[in-house]
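Listed below, chain by chain, are the residues.
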Amino acid sequence: MQSNLVNFIQVLRTHEVRVSPAETLDAVEVCTTLGYADRTLLRDGLAMTLAKTPEEEAIFLLCFDRYFQQDFADFSASADQAAAAAAPNSLPAPDDATAAEHYAATQVAALQLAAEDAPALQTLLQTPLMQNLLSNDRTELTLAINRAAEQVGLAQIQIFTQKGQFTRRILDALGEEAIRNTVIALEQAQSPALPVLQRYRDKLREQVRDYVEREYLLHAEGKTRQFMDDILSKTRLNNIEHIYLHKVHELIRKMAKKLATRHSRKRKLLKRGRLDMAKTLRKGIPNDGVMFNTYWRQTRKDKPQILAVCDVSGSVAAYAKFLLMFLYSLQDILPKVRSFAFSSHLGEVSAYFAEYPLQKAIELVNWKYGGATDYGNSLVDFAKLALDDINSNTTVIILGDARNNNGDPKLEILQSIFQRARQVIWLNPESRRSWGTGDSEMLRYLSACHFSAECNNLKQLERIVDHLLKSSR
Amino acid sequence: MHTQDFPQLASVEAIEQGFEAHGYICSRKIATAVFLAFQLRKPVLVEGPPGVGKTELAKTIALLLDTPLIRLQCYEGLDEAKALYEWKYGKQLLYTQILKEKLGDLLQGAQSLADSVAKLHQFGDIFYSEEFLEPRPLLKAMQQEKGAILLIDEVDKADYEFESLLLEILSDYQISIPEIGTVKARSTPMVFLTSNNTRDISDALKRRCLHLYIPFPTVELEERIILSRVPGVDEQLRHQLVNFVHSLRQMDLKKAPAISETIDWARSLVLLHAEHLDEELVRSTLNVLLKYEDDIGATESELRTLVRDSVTDNQVGR
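So the protein lines, in turn, are chains A and B.
The opening residue of the first sequence carries number 2 in the numbering used here; numbering runs sequentially from there.
The opening residue of the second sequence carries number 74 in the numbering used here; numbering runs sequentially from there.
In case anyone wonders, no lab produced these hints; they're calculated from the structure.
Any given hint could turn out to be false.
[Said to hold, decoys possible] Quick list of in silico lysine-lysine cross-link-like pairs, DSS-like style, CA-CA up to 27 Å:
hint	chain 1	residue 1	chain 2	residue 2
1	A	Lys280	B	Lys219
2	B	Lys161	A	Lys284
3	B	Lys102	B	Lys161
[Said to hold, decoys possible] Listing some non-contacts, in silico: residues in chain A with all C-beta distances to chain B over 10 Å:
hint	residue
4	Asp45
5	Thr50
6	Lys53
7	Thr54
8	Phe65
9	Val109
10	Ala174
11	Leu195
12	Gly290
Even for Gly, the Cβ is constructed at its ideal location relative to N, Cα and C.
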């Protein structure tokens, strides 16, 4: 059971439930404490040690049911046909087992009869595989499939196209070739036993296929997801198809959370507030109990403030969605993030992000602020809304391509922001080479930025934001 | 705490019955968690929406085992001086004064400086000793002779750093005090941490705990809870009011009513001598169930159908 449990935990890990070795030990202990008699009890107990969030628990329950499936495969080739023969107009009922048995017996008899003039069938009937199939020995057959699967390394299955290959390999390992050859021989001889044997063969194939399918779901699904995450984080943002949107959202959330834990608010010592008597006293002891130095209880929390401004005009529409998504997650996680969106005019969208779910919020923002770009006008709006709040703790992030349709760039406003803020960061989805070409005002704006970068995939975004938060302390 | 001392926790069934006797009706999952926590000596991290009985769980176990319940309410800015221990610095100050006066007597007969230092070393270092230690909830829980229930309430409200402080206590049941050394628990306490999920708890903390999520109860379970907590409600009304609360939980509300609200509501209905639900009655008592004006407004427009469905017992949630 223990190795079984360890395998199960391996499966959980590929499904993104993080299980540490210590938790594995706990799980073993849970098993010994609760015993194996009550399946639900054991499942709940294991869930408590292995799953740490409600989401993980849902995954756990799914995996548990898949992994510890108790029923053995049914190999009686004839069960459904027998039922159909017995009562052609009704559904096969489980309780005419006797009829099925009787039918199976006639099948075996038919095969044996045919075997008398077909030597190939004769030898086939002697093989353990065929014996098991004929007697419908499910335990033996399931074990045989398990052994064969281990032999061909089914646990290594990675992608769905491998399913057929693995099915074939397992069938070969089981010795299905003999059945196949005999079927061909019977076909040539036009033996009456042919359909009977074919049914047995098909049933076996079906069972192995199901088995491979199940194992694929257990082992490969998780790996495939990791693979996808890797690919997605390297793809240019506007090339990611709509269907992957929610996956990207998850990824961005993960990233934003990582950044937030690394850079959450920091405490600093202060020189005022309530006296830390204990500490002052302790530090005074070397001076004969005279308290020369005072120590204070209060610590100050460093509160970096982030103002994010995002261009949502047509020229950056594909990127805007992802940038907004990123802003949304960031606001969810970091304290004191204010978000703004603009194309021809600008407005604060923090409230939308706080109130609505992601999709709806992005829709609203696009609907309200989408249109043709006017950086000058938008900067004026921004100054009106937020210039007074900008101080030496503020980081301003601007996401946009700086393509101003040849309008007045109002550089002086950006400069005044530049002078007040701790940092002004410009993230441009265009590559650095095209900055300043055509109607791009990027080179001019650059003079009023502390930091600027090209940002068009998630990896770049993560690196930039990490850098940004580190220096905003 | 040892297994033989507490037959109340000998099996999952025994725990269920014991809880029921103390008026806490729980699902089997909760009982399993308590059983495991006791057998494996691991803390339990209880999560779930507010008002589903997370704190009540710890209180009930304390009642059931007749052990002291030590509670630490977490909040932003909670530090070790309030959670672990503090030195009694007033006494320490007096001690230094006394020491100064007595120093002459103590060192009498010492010939040289080295001699007096040697003599001084003979006295134990009382300045940092347990006598000057003021235990706070966590240390107090470690000092109980016969075990205790330690409830660390709303751990998500405390700062991130505070969680690291808990790690040593939760995994080894000991506290390191730099001046004294390691204080081991005299008897392992049963620890419950609750969280309302206002932020994510660190993995390190989660790893050390059994994880128990208490969701809103099923209709059957909630009816049993009402039966046990508010015995004055007759069966028909109980059924109707639980149905009504369940249909409220299906709605998109700012704060869905929890078990504690259902209990309060049942109590108010008993006070009003209600025998069955009707629209007028529900409208006038809705503020017991719903705590936001928006929620009340959203519900009132649909009150008629909601009440009718609860009374005729063909609601969506079943």
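Consistency of the hints with the structure:
1. Taken as a hint, the Lys280/A and Lys219/B pair is broken in the structure, with Cα atoms around 33 Å apart against an allowance of 27 Å.
2. Of the supplied pair hints, the one linking Lys161/B and Lys284/A holds, its CA atoms being roughly 15 Å apart against a limit of 27 Å.
3. This hinted pair does not check out: Lys102/B and Lys161/B have alpha carbons roughly 44 Å apart, beyond 27 Å.
4. With a cut of 10 Å on Cβ distances, Asp45/A falls inside the contact zone with chain B, its closest approach being about 5 Å.
5. The Cβ of Thr50/A does not lie farther than 10 Å from every Cβ of chain B; its closest approach is about 6 Å, which violates its non-interface assignment.
6. The Cβ of Lys53/A does not lie farther than 10 Å from every Cβ of chain B; its closest approach is about 5 Å, which violates its non-interface assignment.
7. The non-interface label for Thr54/A is inconsistent with chain B: the shortest C-beta to C-beta separation is roughly 8 Å, within 10 Å.
8. Residue placement check: Phe65/A keeps its beta carbon more than 10 Å from all beta carbons of chain B (closest about 14 Å).
9. No beta-carbon of chain B comes within 10 Å of the beta-carbon of Val109/A; the shortest separation is about 48 Å.
10. Once the 10 Å rule is applied to beta carbons, Ala174/A is consistent with being away from chain B; the minimum gap is 40 Å.
11. Non-interface status of Leu195/A relative to chain B is upheld: no Cβ of that chain comes within 10 Å, the nearest being about 54 Å off.
12. Taking the minimum C-beta to C-beta distance to chain B, about 4 Å, the non-interface status of Gly290/A is violated against the 10 Å cut.
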